[in-house]
Amino acid sequence: MPSLRDIRNRITSVNNTGKITRAMQMISAAKLKKAQNSMLAARPYSNKIFEMLSYMASAVDREAYPLLNLRQRKVVELIVLTSDKGLCGAFNTNVLKETARLMKELRGEGIQLSIVAVGKKARDYFHRNGVPVRKTYIDFYKTVKYEDVREIATEVIDSYGNESIDELIIVYNEFKSLMLQTPKRARLLPIEPQSAGGVDDGVLDKFIFEPSEAEILNALLPKYVENQIFRAILESRVSEEAARMIAMENANKSTKELLEKLTLQYNKARQATITAELMDIVGGAEALSQ
Amino acid sequence: MAEKLTLEIITPEGFTFTETVDELTAPGTLGEFGVLPGHTGFITTLDSGPITYKIGNVAKTISVKDAYCQVSNDHVLVLADSAEIKE
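Chains as they are written, first to last, in this note's numbering: chain A, 1 to 290; chain B, 291 to 377.
Since the hints were made in silico from the structure, they are not lab data.
Quantities reported herein were computed from a predicted structural model and do not represent experimental measurements.
No residue lacks a Cβ here, since even glycine has one placed at the ideal position from N, Cα and C.
Treat the hints with care, as some may be off.
As the list claims (entries may be wrong) - With a Cα cut of at most 25 Å, we get these calculated PhoX-like pairs of lysine-lysine: (1) K256(A) <-> K268(A); (2) K142(A) <-> K34(A); (3) K355(B) <-> K145(A); (4) K176(A) <-> K34(A); (5) K74(A) <-> K135(A); (6) K176(A) <-> K74(A); (7) K294(B) <-> K48(A); (8) K145(A) <-> K376(B); (9) K31(A) <-> K145(A); (10) K223(A) <-> K184(A); (11) K120(A) <-> K48(A); (12) K355(B) <-> K48(A); (13) K34(A) <-> K184(A); (14) K145(A) <-> K85(A); (15) K223(A) <-> K344(B).
Stated by the list, open to error - From chain B, some residues computed to sit far from chain A (all C-beta separations above 10 Å): (16) G304; (17) G339; (18) G346; (19) N347; (20) K350; (21) L367.
Said to hold, decoys possible - Covered stretches of chain A (chain B as the covering partner; in silico rule of three or more C-beta atoms under 8 Å from a C-beta of chain B): (22) 46-57; (23) 210-218.
My request is simple: use the sequences and hints to build the entire structure.
Here is the structure:
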């Protein structure tokens, strides 16, 4: 049976942990709001650029544009998005599991892998497992800037351009709702323009291109990839905070339960000592009076 | 002239701007161009620089960076990396 002092120490320590998790939950909630806002803010641009691209790409000859051109998959690059910080439930585990699965599949097909790790957790994971990482990006999650993302995008597009990679897949946590984030893989390169049903072939004739169709498309395609990466990162960021918020909420709940149990135990122990003392006194008084 | 143009500027970091304007000029890569209502369908890249639009006789400027411009049916859509309203 633990002594009174032991229980008291335990209560204090649980209490302190509770304070931290409560604070973290509140911080996450605030950050989540912010991240969500920037995700929503990025949406109109994504939609429009996709619209513009689908317009054009559905009507052109895919062979002529390397970024649209399907070629044989020899080297596939994976961009893995995780967080820099832990304490966010299964957020990172999910993505890394999905990555491991994907890597196994690709290796099974005899495809070479090249990996770009975004976030400290991805870096550490690959390091632990002895997987060589081609490039690492960490510490830019606090404020996701378009410029930072462009750096990543330009780099991968370049390596796609000089054919050191043949396909680009990004693995990240998709934000479905506050309670649900699921790992998702999306192919970024080559670009698959969804020929939006309503676009007829005549649509290109309605536009004048300046300088030329090819030049505009060549500028627009990388921009689109950039934007896709930007979007995935923002989404991953929102998922991270949501996951952390839920994890902290659960932690709060368990702290509360634990505290209740410990307090009960403490009171019982205290009662027991008092009873024992009383018995002693009564016993002593009895002995004196005889 | 009753016809007007809708100018819409969007950036990835969430800046959106919509305004009904009478005319505008934009810094195309191949030289500055103007758009009036009834302009033909048109897609182009823009240099970094100011887009000037006029409502009535009042001219205002927005500077954009690395942009694309699509004109269709009196709707001018500008996708820019960043944009800033100038006073």
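Status of the hints after comparison with the structure:
The straight-line distance between the Cα atoms of K256(A) and K268(A) is roughly 18 Å, inside the 25 Å bound, and the hint therefore holds. Between K142(A) and K34(A), the direct Cα distance comes to roughly 11 Å. Compliance with the 25 Å bound is thereby established for this hinted pair. As the CA atoms of K355(B) and K145(A) are separated by approximately 15 Å, the hinted pair is consistent with the 25 Å bound. Restraint check for K176(A) and K34(A): satisfied, since their Cα atoms lie roughly 17 Å apart, inside the 25 Å limit.
Only pairs whose Cα atoms come within 25 Å are accepted, and K74(A) paired with K135(A) is accepted, the gap being roughly 19 Å. Restraint check for K176(A) and K74(A): the C-alpha separation of about 33 Å exceeds 25 Å, so the hint is violated. Only pairs whose Cα atoms come within 25 Å are accepted, and K294(B) paired with K48(A) is accepted, the gap being roughly 22 Å. With a C-alpha separation of about 22 Å, the suggested pair K145(A) and K376(B) falls inside the 25 Å cut-off, and the hint holds.
With a CA separation close to 15 Å, the supplied pair K31(A) and K145(A) stays within the 25 Å bound. Distance restraint check for K223(A) and K184(A): the Cα-Cα separation of roughly 22 Å lies within the 25 Å cut-off, and the hinted pair is therefore satisfied. Proximity of K120(A) to K48(A) is assessed by CA-CA distance (about 33 Å); at most 25 Å being required, the pair is judged violated. With a CA separation close to 17 Å, the supplied pair K355(B) and K48(A) stays within the 25 Å bound.
A hinted pair counts as satisfied when its Cα atoms are at most 25 Å apart, and K34(A) with K184(A) qualifies at roughly 23 Å. For a cut-off of 25 Å, the pair hint linking K145(A) to K85(A) stands: about 19 Å separates their Cα positions. For the suggested pair K223(A) and K344(B), the alpha carbons sit about 30 Å apart, so the restraint of at most 25 Å is broken. Taking the minimum C-beta to C-beta distance to chain A, about 3 Å, the non-interface status of G304(B) is violated against the 10 Å cut.
Listed as outside the interface, G339(B) is consistent with that label: its C-beta sits roughly 16 Å from the nearest C-beta of chain A, beyond the 10 Å cut-off. Non-interface call for G346(B) relative to chain A: holds, since the shortest CB-CB distance, roughly 28 Å, exceeds 10 Å. Residue-level check passed: N347(B) sits 29 Å from the nearest beta carbon of chain A, beyond 10 Å. At roughly 21 Å from the closest C-beta of chain A, the C-beta of K350(B) stays outside 10 Å, upholding its exclusion from the interface.
Taking the minimum C-beta to C-beta distance to chain A, about 6 Å, the non-interface status of L367(B) is violated against the 10 Å cut. For the stretch 46-57 of chain A, the assignment as covered by chain B holds, since 5 residues bring a beta-carbon within under 8 Å of that chain's beta-carbons and 3 suffice. Judged by the Cβ-Cβ criterion of 8 Å, the stretch 210-218 of chain A is covered by chain B as claimed, because 4 of its residues qualify and three suffice.
Of the numbered hints stated above, those contradicted by the structure are hints 6, 11, 15, 16, 21, listed in ascending order.
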